[in-house]
Structures are given as C-alpha cells and as structure tokens.
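Student: The residues making up each chain are set out below.
2 protein chains.
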Amino acid sequence: MVDDMPFAGWGDPSRRHGLPPHAAAWLSKTLGVTPADAVAPAPPEPPPASRLSADALVSLRAVAEVRTDDEARILRAGGKSYLDLLRARAGDTSHAPDAVVLPADEAAVAAVLAACAEHRVAVVPFGGGTSVVGGVDPVALDAVVSLDLRRMDALLHVDETSLTATFQPGVRGPDAETLLRPYGLHLGHLPQSFEQATIGGFVATRSAGQASTGHGRIDDMVVALTLVTPAGTLRLGRGAKSAAGPDLRALAVGSEGAFGVVTEVTLRVRRLPSESRYEGFLVRGFDAGQAVLRDLEQGGVAPDVARLSDPDETAVQLTLSGGGAKGALTKAYVRARAGREACLLILGWEDRVAARRALAKPALKGAVSLGQGAGRTWLHGRYDGPYLRDDLMDAGVLVETLETSASWSDLDRVHTDVRAALTRSLGRCVVMCHVSHLYPQGASLYFTVLAKAVDARQWERAKVAASDAIVAAGATITHHHAVGADHRPWMQAEVGDLGLAVLRAIKETLDPDGICNPGTLLP
Amino acid sequence: MVDDMPFAGWGDPSRRHGLPPHAAAWLSKTLGVTPADAVAPAPPEPPPASRLSADALVSLRAVAEVRTDDEARILRAGGKSYLDLLRARAGDTSHAPDAVVLPADEAAVAAVLAACAEHRVAVVPFGGGTSVVGGVDPVALDAVVSLDLRRMDALLHVDETSLTATFQPGVRGPDAETLLRPYGLHLGHLPQSFEQATIGGFVATRSAGQASTGHGRIDDMVVALTLVTPAGTLRLGRGAKSAAGPDLRALAVGSEGAFGVVTEVTLRVRRLPSESRYEGFLVRGFDAGQAVLRDLEQGGVAPDVARLSDPDETAVQLTLSGGGAKGALTKAYVRARAGREACLLILGWEDRVAARRALAKPALKGAVSLGQGAGRTWLHGRYDGPYLRDDLMDAGVLVETLETSASWSDLDRVHTDVRAALTRSLGRCVVMCHVSHLYPQGASLYFTVLAKAVDARQWERAKVAASDAIVAAGATITHHHAVGADHRPWMQAEVGDLGLAVLRAIKETLDPDGICNPGTLLP
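For the protein sequence lines, the chains are A and B, in the order given.
Per our numbering, the very first residue in the first sequence carries number 1; after that it's consecutive.
Per our numbering, the very first residue in the second sequence carries number 1; after that it's consecutive.
Derived from the structure by calculation, the hints contain no laboratory data.
Beta carbons: idealized from backbone N, C-alpha and C, even for Gly.
One thing to keep in mind: the hints can contain errors.
Pair ranges (Cβ atoms, derived) [what the hints assert, rightly or not]:
no.	chain 1	residue 1	chain 2	residue 2	range
1	A	A107	B	E160	46 to 56 Å
2	A	Q492	B	A288	30 to 40 Å
3	A	A107	B	D3	33 to 43 Å
4	A	G474	B	A62	32 to 42 Å
5	B	D497	A	P182	19 to 29 Å
6	A	V368	B	A288	20 to 30 Å
7	A	Q372	B	G300	54 to 64 Å
8	B	D497	A	G514	37 to 47 Å
9	B	G300	A	E508	34 to 44 Å
10	B	G300	A	A291	36 to 46 Å
11	A	A291	B	R151	33 to 43 Å
12	A	P48	B	D412	31 to 41 Å
13	A	E508	B	A62	33 to 43 Å
14	B	P182	A	Q492	32 to 42 Å
So here's chain A without its partners, still in its complex pose:
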C-alpha cells in the first residue's frame, strides 16, 4: 500500500520483481515479442490548465482541502486499466481533473456536492484509484474535480456482539484489517486491488474478493450505509434484514459515484481464523474441474477460496513460475498426472480446516493434490498481478483482464465463445482463464489476455468482441469490475431500456444537476 501509485503503473514500484529470466524466450516464441519491442514509459506532460473558476475554487476551499498542483491532478487522471496505463505511459495527462478535493467528513462531502452543483462542476469520487473500467475517468461539465476520500479513513464503530464494523469510505483494504485486528476480527474482502482499494470503492463498485466463495461479495456484507447525494442524505439499513419494500441499499451498492458518495458503511465482519490451509490440486480437464467446484459449492462444502485455471492458464503458470530444471520437472510431472488438459485448482480454507476439508474430500476424488506448496505460491503472489503487468508492458506486451459470470450450465459455452472472440480479434495471443467466486447457481470466469502490443485500438476492438460474446451468451457484462465508462455500451443489454430508464429516474432524483461521476454507469 502506498499513498499514491505512480502515474503510469501500479502500487509500490519497489515491489516489482521484473520478468523471470525464462519469460523472454517464452514471449518471443508464443507472441513474437522480442527485446526490440520493449518500451519505456514517457514522463508525464504538464496537465492542461485547470478549468475550475475562481468562484468555484473559493466555494470548495471554504469546505474542504483543495489541491490544484500538477502532481495531485495527474495522479487522479484515471484508473489502472491497460488503456489507462497505455495513455499514462505515453505521458498523456489530458484527462487530469481540474482540482482534487479532500473532504474531512460527511458534512464536507455534502458541502462539496452543493458547491459543485452551484458551479456546474462534475464530481468523481476517488478511493484507491484502482478502477479498471474507467470508473474514475474525470468527465467534465464546466469543470471536474476528483473527490479524494483518503482523509475519511476511520473505523467508526465495532459491534463485537453483532459482528459488524462501521467504516468511513477512505479506509484502504489493509488498513481495515489492521484496524479490526485488535478486536480479533477481520473483513476478509480481498480483491486483487486489495492493497490499494478502499471500503468506499468496494461498495460503490459492488466488488467481490478472492475469498468470496466463503465470505460472500461486498453486497452480502453491507448491513447499513450512508450515501450523501446532491438531493440529501440516504441512511439505509435497519434491523438485521428487512421486508420493508425494495432493498434500497442495493441502489447504493454498485452506484459507482453516479448517485452520490458513500460516506459510511457498516459491514459484516468475522472472527479472525485460528488456522488456514491453501492447497493446490491437478484436475484432468476444465469440465472435470468445474464439476468438482460445482459439487463443492452445491454440496455446501466449498472452501473459502476456490479457483480453477483452464489448461492454457495452467500451462502458462507452470512455465512462468519455474524455469530451468525444476520447471521442466514440474511440467513433466503435471503432464504425466493430468496430460495436456491439466487444470490447476487452488483451494483455501480459513478456520476449521480439518473438519471442512474432510467434508470436501468426496468432491475431490479425481483431483491430485500438489500439496500446500502450490497453494502457498498462489497465496503469496495473490496481489502481484498488477506488478507483473507493468513488467509485461515494459516488454511491449498487451496485457489485460476481463471477467463475467454465468450459470454452471452456461459456463463452458461462455468460456469457449469469449476465447474465440478474443482470438479472432487479436490474432496471435494467449487467452487464459480461471473459474472463481462460486455460487450455487454458477461462477465467475476471469480472463487474462496477452498479445504483442500494437496500439490502443487493438485492445478496444478485442474488448468489444469479448463483450459482445459475453452478452450474446447470456452472461453478465461484469461480475466484479463494475461498469465505469468501459461497460456502459452493454448496460442496455444487461438491464434493458426500461432498466436504464429506472436508473436514470433514480439519478435524476438524487443528482438533478448530473454532477455525480457523469462518465460512469449510464449510457
């Protein structure tokens, strides 16, 4: 976790390992990427002059800290998608917001919204800045400010009897865990962005963590929340559960700043586990692996973390995780046990490991245990993906992820169709996928794509192809990355014209001047 991520990269640059030595040969052989393709990021250009009027600035300064320096603006110019990084690496700062506003409390957030409505200034809530879907793109009205919530970073209340904790939105993932630890509690919401992302961002994007199979999605954890909107403040969530009309909390969760700003959220928390076990398995075939996951989940004996790589992801992981003699040996072992269709399965139990693992055993017949080493390898590298991406982009590789979810019946077809669409669009490429986030009725599919980088259009086209394939297959346009700007074109397919009309009606009620994150959610 760092205060500010680099403009053109992820996290703490000192944690980058560089690509393993055998990666260069693999990239050359597989994608035709040679050392000549390496490309270093350009330094950022100075951002455009701020469009914020003197009056607006005075109004904002009266209620919150305001930064207008280049650095503050540049660092909130966008999120961390491949296209964001491509732009940033070109030194392009044209998307920088006109100022950065840092409110200290809920009242200040309300006052900022009032000032911005008065001056026709768009407001983009900014937590960790980890959006990979254009969710923090500053889209201006007369101007646009980034509303950075980092000063609102307190744990407000812990109810140890009811196992709930009330947070301000700017609390980062690791800080939430640190704040809860003295109570013997944890949140356990661990998306790959965990080290940078915030509680407010988790809620606003309706995110799911790597342990969602056991701990549930953020949707499932929200007990109560406060949403400050230009039209007033919504305080939602009474009692344990309610039947008092439609659950309005569900309108705030996933609202992506388009309806207002999450300023307080009460989440379900858990007692810290006394033990954990992460274990790798091999399964022969992606179908067989899915059947294992389905049996675990539908049988009520799923572990907290469950993740099944398809044969391509499995092969790449084996190749890149160990070069040399040891790597060759591992690959030979895998081939012998599970053939070319070998799929790596990672299962993780937190608490009551032995009893739960025993219950899971029947579903795991046919899966060959690789032991805890493979599990620990995944565990230790679980937040490293974005660092690896920086290294790959330096090497001249297009690298991006996308995700969806589908019913168990549809999972295979969606997998096939999305792979085909990406391959058709990109030509020579590697498409890897894993199943994770298990539900009784289905699961998510998470794709990682590698190709030789050409230009932005290359990925824009591939993303359209993949998204069209997802929607055509009846799957959802996003399982946990949210809508942002990037998925807006598919929201009509997702909820229909009438669903969009409902979302617009809600937005008009809560944000009549349209100042709230205008670039996101609604086409």
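Add chain B to chain A, keeping to what the hints say.
Tutor: Positioned in the frame of chain A, the structure of chain B alone reads:
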C-alpha cells in the same frame, strides 16, 4: 391448500381442530375471556355494485378471463390480518374489488395493465391472498380489479446443473414442491402462509421462510425475474452474480405490486435432503438462548431451522399443548430443569444431520435436549397457527402477530420495548415472542398477542404503539410481512424522505398512471 379460502377465515375449514378442552379455563384465567364472549361470524353482505365501466369490462374481457360474480369479488376483498378477519366476520364486503381478472400468460398481464391504465382502473395482484399487512386491499381509482394469477401456475424450466427453477407467479407453495420433486429438488421456502401463498407473492413481499436460517430469504433465492409494468417489461438477472451497476432485481423483490406484476421468476433450488432431524431443547433464560443462537450462526454451524421462544411463549405452548396429568408433568419437568425462565428452543437440520449436529454441539452446552418429540410437534403444527386464530376469534379473543428484526446487540431491548408498548396499550393481554431467522448480524423477533377482543380500534392502537416502539429502537418495521397498507406510516422512518422520493421516482417511471396497487408501500 384450497382453491379459495373462506371469506372470514383461513385455509381449509375441515382442518380446524377447535381449541383444546383446557384452553377455555386458561383464557378465562389469563384474559378474562368467558364462553359468553364467543362470537360467530356473520354471513357476508352482498358486495357494492361494481364500478367497472362497460368499456373497461369489454377491454379486459378481450385479453383475460374476468369474473364479476359476488363470490369471486368477496373472496378477494382483502388479506388475512386480524383486522381483515374482524371486518370479514362482521359480513363487511365493502372492500370487494369491482372485478377479478385472471390472465393466462405474461402477454395477458401486459394487456390487462394497458387496459386498466386506459380506463383508470387500479390493479391489485393477488396470489394466495395471505397478506397480513393490507397488501391486497383493493384501493380504487375509478375502479379496482383484483389480478388473480392462479392460471399462471407452471414450472417453466428446471436447470438441474445450475440448480435453478423458473416458475410462473401463481404457483402455490406446496405445488412448487410437488413440481420439483420428480427432479429430486425442492425450494424449501416455508413461511407460515406456505400452504396458500404463491411464488409471486413470496417475491413481491420479500418474504422469509421458517428455514431461512439455512436456506436464506427469498431475496437470496431470486436469480432472475420478469416484472411486467405499465411502462414495459423488466427482465433482470444475468449470469450468476453481477457488478453491472445497482442490482435492479432488488427493486422488484419487495415491490408489492406497486411497480408492476412479477410474471416469471428463476429461483435457486436444492437437492431434496435424504434425512432430517427436528429437536427441542430447553434453555434457562431468553438471553442465554439468544447467545446459543448467536454462537450457532456466527460460528457457521447453525441448523436450517432455529427458533427460540421467550419464557411467556414457552409457558403458553406448554400449557396449551398438553392439558391433564401429562401436561402437568411436562410443566413440572421444565420448571425443574430451567425454572420460570425456561425457553423452548427448536432446531431443525435437513441433510447431513449427524455431522452438522456434532459441529453445533459446543454451542448447545447448557441447553437440555427434550428429544425429537418436541421438534416433531413443532414441525407438524408449523402451518396450524392461522387455524388456531380462527378458533380463538370464535371464542372472542383478539389474536394477531407482528415481527421485526434487529442486530444481536439490540434484540433484547427491542423485545422489552415492544412487549411494554403492547402491554401498555392493551392492558390485560398475553405477549409471546420468539427469535427466528438467524443472520450473522442479528435475527428476527416474532410477537404473538392475545387479549379479550373489544373492537378494531383496540388493535389499531396497539399496532401503532408497537410499531412506534420498533422504530424508536432502531429496528425494522417488518422483517418478512412486507409493508402493505399497515406499515406505510413507518416507511418514512425506515428509508427517510429521500428514500421515499427514490421509490416514488421508480414508481412514476414504471407506473406513470399510478394504477399498480395504489394502497401499498408508499405513504
């Protein structure tokens, strides 16, 4: 399950047992209700003349079966709350809808809504007619029709891999189970109204069943649904789970007919259990019992059904369940084991009983098992409450229930405050309560109230007192009975003025002419 319940009573009258012989003495001693207070229902008066215009009738007949006979209209004049029954028992049919419309399919529902919008006719969706909160009260514009969904009673699709089933809304609880049984599946959504209520009603009222601790609420079961509204049709739910903006399904679930008509719903289903065990326990003290439930739920080892009666409910159950020597013996045993603070705890496991019961054991230390007899007694009587109510009303007893939910921390205070409010309002009365529907963060409280019946005002006042106490204690106005007409006055407290504005904006978008169940949900 019967086709039509009696106008002034519940279910199948042949299933009424009458009060046990020792009940009369208890009612006299406890409430001062004597045989002289017995009151037989009056026959229904003829309903008022239908206000439906000839034009409207022609339009409706063109698209659906329409009944205008007295019997059809009278039987849809309201739900089954104490006040509904009091009115019905007085022969009052003044609330009868002007006609009953029975659409055969989704297209017919849309056509009925269009015809009603054109003719300013209100539409009240009617499933089992079991609302206890005025949710099916026919409130007229120029006229009002009851939209009875019984002809839409098909199981449309079963996905045995993804464990989902797609139902039309008019399928009754027991029929849903009968339709699923050949697939080895069940739904397991078992509210007390189960034998009469429908899938559409479950969804529209956001209900919770007696096994919700294990199986979840209906909110948790809805994978996809179709809501036909005057503005068009919403088809919601793609993929297994989604982050594509706010979950619009949550607007349809609990919309109580105010936004449109649920015409299709895909629900999560389960494999039929191979075994089950219901068991009674005694706990000394309501606090101690709550601690047991909390440990079970927060420890992840809760059974599927969990229900803890407070000392008053326990005492009444023991008194009314067995008179004579056996009853006296049971009471003596209970007193000896748990004193006057004895609380009856019913736990029910469906599937993997031994393993799960073993895991639950540590949380149950301090609870004395009464064996499976007590569990079976509860199981066999689980749908009998409404029949008993008819018998009690015949005897001249006020009998009604109300419910809420609260965090574990607040549960005791809510219990105390609601009891006090009811007792203050009613004077001589019996207030019983049980905790059920466990969640990690809290549980529901379900109150049953008995007093000597005086008039409708007597309960109206008591309901206001109890509801004010619930809201003042921070609990929800309803955990699973929905809002209907009866809880409307507390919706402002529940979601605030801005929450109401959002609900109104949604309604105006989906139902611009305000024809959809105008009596419900919104103040």
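Student: Look at each hint and say if it fits the structure.
Tutor: Against the structure, the hints:
| no. | hint | result |
| --- | --- | --- |
| 1 | A:A107 with B:E160: 46 to 56 Å | holds (54 Å) |
| 2 | A:Q492 with B:A288: 30 to 40 Å | violated (55 Å) |
| 3 | A:A107 with B:D3: 33 to 43 Å | violated (59 Å) |
| 4 | A:G474 with B:A62: 32 to 42 Å | holds (34 Å) |
| 5 | B:D497 with A:P182: 19 to 29 Å | violated (38 Å) |
| 6 | A:V368 with B:A288: 20 to 30 Å | violated (48 Å) |
| 7 | A:Q372 with B:G300: 54 to 64 Å | violated (23 Å) |
| 8 | B:D497 with A:G514: 37 to 47 Å | violated (21 Å) |
| 9 | B:G300 with A:E508: 34 to 44 Å | holds (43 Å) |
| 10 | B:G300 with A:A291: 36 to 46 Å | violated (25 Å) |
| 11 | A:A291 with B:R151: 33 to 43 Å | holds (39 Å) |
| 12 | A:P48 with B:D412: 31 to 41 Å | violated (60 Å) |
| 13 | A:E508 with B:A62: 33 to 43 Å | holds (36 Å) |
| 14 | B:P182 with A:Q492: 32 to 42 Å | holds (39 Å) |
In this structure, the earlier hints numbered 2, 3, 5, 6, 7, 8, 10 and 12 are contradicted, and the remaining ones agree with it.
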